[in-house]
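Protein chains in written order, with full-length UniProt numbering: chain R, 1 to 266; chain C, 1 to 274.
Keep in mind the hints are simulated off the structure, nothing from the lab. Heads up, a few of these hints could be off.
What the hints assert, rightly or not - In silico lysine-lysine, BS3-like type, Cα no more than 30 Å apart, as pairs:
#, chain 1, residue 1, chain 2, residue 2
1, R, Lys-152, C, Lys-89
2, R, Lys-96, R, Lys-6
3, R, Lys-127, R, Lys-152
4, R, Lys-6, C, Lys-87
5, C, Lys-164, R, Lys-96
Remember, predicted model here, so these are calculated numbers, not experimental data.
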Amino acid sequence: MVKLNKLPKIYLAIVFLILYAPIFYLIYYSFNSGGGMSNFESFTLEHYAAVFEDKRLIIILINTVVVALLSALISTAIGVLGALAIMFTRNKSMRKAVLSLNNILIVSPDVIIGASFLILFTMIGIKLGFISVLISHIAFSIPIVVIMVLPKLQEMSPSLIDAAVDLGASKRDVLTRVIIPFIKPGIFAGFFLALTYSLDDFAVTFFVTGNGFSTLSVEIYSMARAGITLTINALSGLIFIITVALVIGYYAISRKTKSVLVGVRK
Amino acid sequence: MNNKLLRPIYSVPYASWLILFVIAPILLILYYSFFDITGNFTLDNYLNFFTSTYFTLTISSFWYAFLITFFSLLFSYPTAYFLTKTKHKQLWLLLIIIPSWINLLLKTYAFIGLFGLYGPINAFFEVIGIGQKQLLFTDFSFVFVSVYIFIPFMILPIFNALDKLNPTLIDAARDLGASHWTTFTKVIWPLTINGVKSGIQVVFIPALSLFMITRLIAGNKVITLGTAIEQQFLVTQNWGMGSTIAVFLILFMFIIMLLTNASERGTTINGKIK
């Protein structure tokens, strides 16, 4: 194969530079004792301290994490069941129809999801706030979990189930001892993606959150509209570290489960 | 398989979700699009859509989405191509993906500083003699930031398509005397077109509906369909008109999906779209 010569390397370097520059720019100025994102005066940690002293911000942070964890857990459970349901639907056109319905929420623009959920919640009388945000996050995470789990299910040989049944396994055993362990990597991937979807969501939450409840994205939006505050920079520094840790953790887990799986197959 | 009996129990939560959160919301949007702000049944919203500023807004929204998709593709294709040629390509790909995990709002916020009058870009302009320029709140900054946000999502499907490409095909084309350009247009491009289509799909549809970036970066100079919907729902409280615009956005979404749906397998779901 053709080796990379200089020009492509420079091109890639520029792409990486542009991709990371804004993030490091934010973090760099989070240590600025001056008030803005220009003129670095001197090093300080006061903005980080400000994040931890701001009770409102801490509550919002906790809200965000709670919504993300809960919605990821619940959507993973429903999504796995959904993937199983699709898998065991014999009718091909029916399966196709359900899959396309499943994918609608993935490709739908956030504003559409947000606006339509706002109508839905108002119609059925759910108060806007924690519950409406949680339900929306569950709703838009489910199709992702399905998409992550389904390929694993399709990879599974049906003779595995037949063998288990022949050996006297009950339906419950088949599910918990054969199917679930096999599709575990897909479930993990689905859970992780649901988690990041929820943490990252702004537009949908913006529509369905009431006055009293806020998540980090919504809060950053209103702070950013008001202008530059270095508290956001400090926050972004923290979020960057957590994100990178999560990504590394995710890769470690997916590696591990894969090797376990290979071990089982042997 | 002996799972027939179990099926109904499995399906209940998922089926209820499909009905309540996929089918019902679309029907509700459609239903609301026939009501005016005071709650009377009317077709005026549709009439309004075609006759008033909404129509020009739709055109300009498409134009910006086109620009954003075009530039994303222009920068992503070579990036993806060069990435497949690097030594540790999976690691480099991961490094391309990591910025896309960072909260969208934060990345957008960064550009408020970067593009600001006293930001580093303007400082650089000053040094090379162009002088201070108003960058923030222009359509340039809007397109730039959007392209920045979308590039990883465009690179990923193209990278996957290029990675699957059998290199012997390129060697064969070269052996048969094809020039670099012919090899690209006749071999590489047609074989990776599905990746490109997936990329276009994950960029174009969200680009039509951005509203946060327009507010933070473009001031109120650029109004996309998404901005208009948000405006109608949350500011003017005219849910009918908002729903009508949403109906058209859904329609466009289906058309774009039909045009770009190359393969049946869910190859588009390579990363985060939102």
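Consistency of the hints with the structure:
no., hint, verdict
1, Lys-152/R to Lys-89/C, "holds, 24 Å"
2, Lys-96/R to Lys-6/R, "violated, 47 Å"
3, Lys-127/R to Lys-152/R, "violated, 38 Å"
4, Lys-6/R to Lys-87/C, "holds, 14 Å"
5, Lys-164/C to Lys-96/R, "holds, 26 Å"
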